[in-house]
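Assemble the whole structure, with the sequences as input and the hints as a guide.
There are 2 protein chains.
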Amino acid sequence: MKETPKDKGRYAYEGLERIFHERSRLGILSGLAAHAEGLLFNDLKQLVALTDGNLSRQIQILQEEGLIEVEKKFVNNRPQTRCLMTDAGKKRFWEYINELERVVHDAAKSEKHAGKARPATA
Amino acid sequence: MKETPKDKGRYAYEGLERIFHERSRLGILSGLAAHAEGLLFNDLKQLVALTDGNLSRQIQILQEEGLIEVEKKFVNNRPQTRCLMTDAGKKRFWEYINELERVVHDAAKSEKHAGKARPATA
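Just so you know, the protein sequences line up as chains V and L, in that order.
Heads up, the first sequence is in my numbering, so the first residue is 1 and it goes up one at a time.
Heads up, the second sequence is in my numbering, so the first residue is 1001 and it goes up one at a time.
Among these hints, one or two may not hold up.
[As the list claims (entries may be wrong)] Here are a few chain V residues that face chain L, going by a calculated C-beta distance under 8 Å:
1) Gly9
2) Ala12
3) Lys72
4) Lys73
5) Phe74
6) Leu100
7) Ala107
Hints in this document: simulated from the structure, not taken from any laboratory.
Note that the coordinates shown come from a computational prediction; the quantities given were computed from them, not determined experimentally.
C-beta atoms are modelled at their ideal positions from N, C-alpha and C, and glycine is treated no differently.
Dropping the structure here:
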């Protein structure tokens, strides 16, 4: 193989922290990253297509990790929940995304390299 | 928010199939994608930094899903195990990588959008 022993862990991708990598949490954080003003619970629920229960549970996990904050207030006597990313959350999310970019970049290199050998139907 | 109800599931990322998304399997497949000729068990183990037991278990899962194939033979009276991606495995892996690229692209858009509002220390 091309890699040498110093390439130990070359494909370990240790930066893919579980807290971000889990698909539903990745969706929640991607949605919040796109909305600096935060998102109401029901809008976020639509965007990530999760059930109330699952979204609540993931929000709690992200909040306990300090990645998002949750504002609760009453609007027209109805409770309203808004979620926002914290500054620490944004910083760690970009770090995770950088590692994800490395995975995509590695794959793109492999595809280019394998290009000629791949059958047209693959 | 900018999205409308038709954006239901905009951040659900349903293409992030668990079989590929799990970090250790993602590493194994990324390593194999970069080596069209396949990789010997011990070389693969180095590259993904997994234990023998964990790597064996993940290889079995990937093999049962038809994503990789495993060749066993004897070289100088010693057993040798080589893993290779199948054509179906390559095809599905590129589909997964395309979805991953969408996550990175979404985040890049968010970062650009938020650029001016972010403090220099963030």
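Verification of the supplied hints:
With a cut of 8 Å, the hint placing Gly9/V at the interface with chain L holds, because the nearest CB-to-CB distance is about 4 Å. The beta carbon of Ala12/V is positioned within 8 Å of a beta carbon in chain L (closest approach about 4 Å), and the interface hint is therefore held. Annotation: interface hint on Lys72/V violated; nearest CB of chain L at approximately 18 Å, more than 8 Å. For Lys73/V, the shortest C-beta to C-beta distance to chain L is roughly 17 Å, which exceeds 8 Å, and the interface hint is violated.
Checking Phe74/V against chain L by beta carbon gives a least distance of about 20 Å; that is not within 8 Å, so the hint is violated. Hint status for Leu100/V relative to chain L: holds, with the closest Cβ pair at about 6 Å, below 8 Å. Interface restraint check for Ala107/V: the shortest CB-CB distance to chain L comes to about 4 Å, inside 8 Å, so the restraint holds.
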